[in-house]
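Student: Same order as they appear, the protein sequences are chains U and B. With the numbering used here, letter number 313 in the first sequence gets 313, and the count goes up by one each step, no holes. With the numbering used here, letter number 146 in the second sequence gets 680, and the count goes up by one each step, no holes.
The hints are simulated quantities; they were obtained by calculation from the structure and are not laboratory data. No experiment lies behind these values; they were computed from the predicted model shown. Don't be surprised by glycine CBs; every beta carbon is placed ideally from N, CA and C. Any given hint might turn out to be false.
Interface residues of chain U toward chain B, partial, derived using beta-carbon atoms under 8 Å [said to hold, decoys possible]:
#	residue
1	Gly138
2	Asn186
3	Pro190
4	His249
5	Ile250
6	Trp252
7	Ile301
What follows is the residue order along each chain.
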Amino acid sequence: MSEVVVSHHDEHHDHGPDKGLARWLFTTNHKDIGTLYLWFSFTMFMIGGVMALIIRTELFQPGLQFVDPAFFNQMTTNHGLIMVFGAIMPAFVGLANWLVPMMVGAPDMALPRMNNLSFWILPFAFAMLISTLFMEGGGPNFGWTFYAPLSTTYAPDTVTFFIFGVHMMGASSIMGSINIIATILNMRAPGMTLMKMPLFVWTWLITAYLLLAVMPVLAGAVTMMLFDIHFGTSFFNAAGGGDPVMFQHIFWFFGHPEVYIMILPAFGIVSQIIPTFARKPLFGYDSMVYATASIAFLSFIVWAHHMFTVGMPLAGQLFFMYATMLIAVPTGVKVFNWAATMWQGSMTFETPMLFAIAFVVLFTIGGFSGLMLAITPADYQYHDTYFVVAHFHYVLVPGALFSIIAAVYYWLPKWCGRMYDESLGKLHFWLSFIGVNVTFFPQHFSGLAGMPRRIPDYALQFADFNMLSSIGAYIFGFSQLIFLYLIIKTIRSGEPATDRVWEGAHGLEWTLPSPAPYHSFTHPPKVTDAEAHS
Amino acid sequence: MTQPAKPKMGKTVAKLCLIVVGMFGFGFALVPLYDMFCEATGLGGRTGGQYTYDPATMQRDASRLVKVNFLTNTNDGMSWDFWSEKGGVRVHPGEVKEVKFFVHNPTKRRMVGQAIPSIVPYSAADFFHKTECFCFSSQVLEPGETLEMPMRFIIDPDLPNNVPTISLSYSLFDVTDMAAGKAATDQG
Numbered sequence: 001m002s003e004v005v006v007s008h009h010d011e012h013h014d015h016g017p018d019k020g021l022a023r024w025l026f027t028t029n030h031k032d033i034g035t036l037y038l039w040f041s042f043t044m045f046m047i048g049g050v051m052a053l054i055i056r057t058e059l060f061q062p063g064l065q066f067v068d069p070a071f072f073n074q075m076t077t078n079h080g081l082i083m084v085f086g087a088i089m090p091a092f093v094g095l096a097n098w099l100v101p102m103m104v105g106a107p108d109m110a111l112p113r114m115n116n117l118s119f120w121i122l123p124f125a126f127a128m129l130i131s132t133l134f135m136e137g138g139g140p141n142f143g144w145t146f147y148a149p150l151s152t153t154y155a156p157d158t159v160t161f162f163i164f165g166v167h168m169m170g171a172s173s174i175m176g177s178i179n180i181i182a183t184i185l186n187m188r189a190p191g192m193t194l195m196k197m198p199l200f201v202w203t204w205l206i207t208a209y210l211l212l213a214v215m216p217v218l219a220g221a222v223t224m225m226l227f228d229i230h231f232g233t234s235f236f237n238a239a240g241g242g243d244p245v246m247f248q249h250i251f252w253f254f255g256h257p258e259v260y261i262m263i264l265p266a267f268g269i270v271s272q273i274i275p276t277f278a279r280k281p282l283f284g285y286d287s288m289v290y291a292t293a294s295i296a297f298l299s300f301i302v303w304a305h306h307m308f309t310v311g312m313p314l315a316g317q318l319f320f321m322y323a324t325m326l327i328a329v330p331t332g333v334k335v336f337n338w339a340a341t342m343w344q345g346s347m348t349f350e351t352p353m354l355f356a357i358a359f360v361v362l363f364t365i366g367g368f369s370g371l372m373l374a375i376t377p378a379d380y381q382y383h384d385t386y387f388v389v390a391h392f393h394y395v396l397v398p399g400a401l402f403s404i405i406a407a408v409y410y411w412l413p414k415w416c417g418r419m420y421d422e423s424l425g426k427l428h429f430w431l432s433f434i435g436v437n438v439t440f441f442p443q444h445f446s447g448l449a450g451m452p453r454r455i456p457d458y459a460l461q462f463a464d465f466n467m468l469s470s471i472g473a474y475i476f477g478f479s480q481l482i483f484l485y486l487i488i489k490t491i492r493s494g495e496p497a498t499d500r501v502w503e504g505a506h507g508l509e510w511t512l513p514s515p516a517p518y519h520s521f522t523h524p525p526k527v528t529d530a531e532a533h534s
Numbered sequence: 535m536t537q538p539a540k541p542k543m544g545k546t547v548a549k550l551c552l553i554v555v556g557m558f559g560f561g562f563a564l565v566p567l568y569d570m571f572c573e574a575t576g577l578g579g580r581t582g583g584q585y586t587y588d589p590a591t592m593q594r595d596a597s598r599l600v601k602v603n604f605l606t607n608t609n610d611g612m613s614w615d616f617w618s619e620k621g622g623v624r625v626h627p628g629e630v631k632e633v634k635f636f637v638h639n640p641t642k643r644r645m646v647g648q649a650i651p652s653i654v655p656y657s658a659a660d661f662f663h664k665t666e667c668f669c670f671s672s673q674v675l676e677p678g679e680t681l682e683m684p685m686r687f688i689i690d691p692d693l694p695n696n697v698p699t700i701s702l703s704y705s706l707f708d709v710t711d712m713a714a715g716k717a718a719t720d721q722g
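For reference, chain B alone in the conformation it holds in the complex (with noise of 0.2 Å):
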């Protein structure tokens, strides 16, 4: 008879079941591991947050230029100006330069923005340093209010030689809703 193998069956399937929750919750895994992926790689020109550094350790390489392109992007349905003071810079190696940006509300309601930075080429995403960027929150802009946002930058020296030219761009998303969203849940 078939019988004598139920006992064995409940194992079987308690393992197999555990399977199952267990790569359902990799699922989910996969996004932290994929950021920590990311950050660590520089892929999808992502760049680290707040860069603190000591001047006395940050050798300024005055045999090289690398020149720096501003690209300022608004997402789509995102009705803001945004624009950069300079469509690039050249700057050398370990010398903290700062670029302003600014953004304008033509609308008539209050609006929140966030700009999610990329950078191009992704080998150089781990060689740029930001030291002060408005990127790190979001922008709340009145009705008609105008903006200056200044972004402050350092060029690794270690950028690999082959890199002569980076672009940092910025795509501008309209959060007014997620951050209305997140408000409401804070105080409730």
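Chain U on its own, in the form it takes in the complex (with noise of 0.2 Å):
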């Protein structure tokens, strides 16, 4: 139990919010910025889920049907950009300014005028990724990951759209990084010491230094793309004595701390929500944060495991090998730190506490598979297939995506102080479980018989396992749609919740009233227990 003393101070009436348009524009508070955030990425979510409908459409029947071959390489290309950029990471950044203040007891995020504008060019850099596909020669199709020469000498000419808008999305993202580490550094309450921190908030303070450290990398070699297409330089072209290989190594120094950055939080609500269904603290506090350390220095030195394929030094490919498979260290143990913490607990299974154990179930598979990729001999059998899809759907899907609909349940009523409907969170997460395992398993199966990404058409042996993954894709996008009457039920009509909100929740949030109020712990409160993070 935690105990934590909340000072009511009503000498002073704090001002709610603005009404009307105005309070969004020009908001500071850390819970409307939050907010923006969530809705943000759940349309972003909703816009790159019809692009993943379209692709798995196509993809139904072997043969073209739907859509013109350029136009799929557009929706993989979309698809990817706004789902990782637009969905997963601005839902992480939302879920960081709506707690990580009331999980350390500060009053706002540190920097709150920044925080307005970090949130307010993203809906300018995804409005101009987007509009791109409405333009003569269409948007981006050369893979995420844009690759050189595609994504330079041979892309369509709105490649100048999409680099500035990912130029918009780094700097929001650098800026919102700043933010949370300059919270948490510098605004903690008294007592509240760093090992006492929840540990989302630890997870989100070591992503915030991964994202400083990269996303200026992505910069640079966005920018090197610009110049080489405008400006007549050539980093990556080969006739003027550059080399486009360079650009896969830079990406993915980019690349695999990203990869760690949608993952890393996730690991921190998973962590926040398994001791309050199991009713125990958390098992291994302090090795979750060295485990978290290791596999965030680690993520810098095995990028290129993306390329084994591309020609390398034998030793090259056994240094990446085998600190690739280290990984798997800190991450064993973590998963076996979240299955200590439930061994004998009185678990109860609601709908925060399902997905939290999907997540741990699915993100594991997941981490196999990767670990079969880390093979450099089987990779070159792996690479560019449909193994490689399953691979990191895995991870993202029931795990990063999982992991920011368990908060979103577990967080909702001390939001908008009003519980869900119970019942209606079962089905969406049974159907969302259903949905993303009939939908992925099957691509481990193509993957391993060859059959090739991002191509509109295939082969006649992989029409079954195609078909099955496209209907577990209808289901799976179609369940969300649950998700979002859920949260507009909630708000509107849900039962009123209490503050604690769940039996065994620990936490300087919940001692907050629900819903929290606009401004919260402007009088610090004094952390007294040492149990504060679980």
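Please assemble the complex out of the two chains, which come individually in their own frames, going by the hints.
Tutor: Below, the structure is given as structure tokens:
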């Protein structure tokens, strides 16, 4: 039990939110900005989801039936870009905005005006990216990894919009990260030492450092592309002495930490939820922190495992293979700790817990297929097949996305002061769980059998697996409408929630009333209990 | 109150901004670093620039013959013809060998071409020395012109014994526009 003194201060009246649109445009309130981020990412999730369903519809049967192959390429590219930069990342930033100040006992984020800016450039960045789909020549069609020279010499003219879009997303992420680090390092309530912080705060602290380290490298990569395309430089052009392979190195130097940016906050969320519903403190808190830091460090020295087939000396292939396999150690520590937390706990299975347990199981499957891909000689077979697609969707959909959904179910009662409909939540969970597995599990098999990714047509022997995949995708996609309906229903007419919401919930945010007041912890709480984190 | 944290905040933010600027710079620093790394390891089959040596110190190894294959490719969109007089030669390490390459411009315009070499296996790249190569500069060809281009090379006697065959491939790129752009900026 955490005993926290909350000072109720009625001596001065905090002004509430502004009225109308101005509230959202000019807000500097971390809760408003968190809400904006979450709704934005949900919108992007829907747009990226429609693109996924277009892809799955085309792949329902062999042959070309619905879309032009050129448009298919734009769909795979934009689906990836939108889901990574528009859905998953902003959702985590939104959760950080809502939760980090409440969890560390701060009144708001450290830099509230910059917070407003870092959100509001996102809609412009994505409007610019998506608008290219309606332009002459079409949108980006070179895959979300935008390898040169596909994205330079052979790119559609709209690539410049894409480049500036990426610049803006990067600027947004960098500002968001600076804000989160500054909040965590400088605005913790007295007594909230680093090793008492909730794991969600810890994982976000480390993630923010990863973002600061690699988003500028991505900005550099797209800047080089811009120069190659418009100013006659030859960073990636072999004719002028450049090297297209160098693009892949620079991209994955960003790209590999990026995939951990999308999973570390998920580890944090699951580490908050599992102890609550197991009614036990998190097993191995310290080892969780160190494991997260180790994963972050290792993420910088494994990038070339994405490009084993590009031609590398044997020593390089061995180094990147072993370094990659090493990541399984800290990740295994985490999975062990989650299992040990549940061990002999008095567990109940409310919707957030269901999503969290599904996360642990399905993320682990994604981790295992990752280990298979880490084996260099095996990777020569798996490279650019649906096995890779199955692998990264297992870590991103039932991994990152499930953790975000779990977080929304877990904290929604705190945010809006109302309880969601449990049976509707369970229906959403089971449809999502079945849908996601029916979609992505068969892709392991079609990949091992040699089906290439990013291709609108395929050989007949893959027909059954693909039809199954498409059916799963429809189930998964449409069941997210239940989620939307459930959230709206909760906000409008849910049962009032208690302050603690969950019997086993610990942490500063649960000491606030539900819904959390517009201004919280204007006077810092005293963190008196060593168990504040779990 | 939380206000006393403010002066520390400025310091934190300044440090974080420094990381951002540093990493942006690092992204660009990767370009020369990558080049240095590739030169040093022969990665990507890169060969060095013009090789100078002292004939007195270069030992001819008559006991070994190494097969050197030549491949000539024109890049996508390059309309020149590009060929070598021989598909391959056998050579003793330490011996200077000359091979002639030819380019022909069949078009009706003046064009500039640039050949980019690559060696397979990569481990041989450090031991393949060119004393003269058309790839050190670009070629300007008038319409219909054919050019004979000699390439002289020496295989280092230190070439590991497990490399019996070396393949040298040239890709010819059309750099007419790039050369024109460069000339324009030089004049401007």
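Student: Would you mind marking each hint as holding or not holding in the structure?
Tutor: Hint by hint, here is what the structure shows:
Below 8 Å, beta-carbon pairs count as interface contacts, and Gly138 (chain U) has none with chain B, the closest being about 21 Å; its hint is therefore violated. The criterion of a C-beta within 8 Å of any C-beta in chain B is met by Asn186 (chain U), whose closest approach is roughly 5 Å, and the hint holds. Hint status for Pro190 (chain U): violated, given a least beta-carbon distance of 10 Å to chain B, over 8 Å. Below 8 Å, beta-carbon pairs count as interface contacts, and His249 (chain U) has one with chain B at about 6 Å; its hint therefore holds.
The closest approach between the C-beta of Ile250 (chain U) and any C-beta of chain B is roughly 6 Å, which is under the 8 Å cut-off, so the hint is satisfied. Checking Trp252 (chain U) against chain B: minimum C-beta separation of about 11 Å lies over 8 Å; hint violated. Taking 8 Å as the C-beta contact cut-off toward chain B, the hint placing Ile301 (chain U) at the interface is violated, the least distance being around 14 Å.
Hint compliance for this structure: hints 1, 3, 6, 7 are broken, all remaining hints hold.
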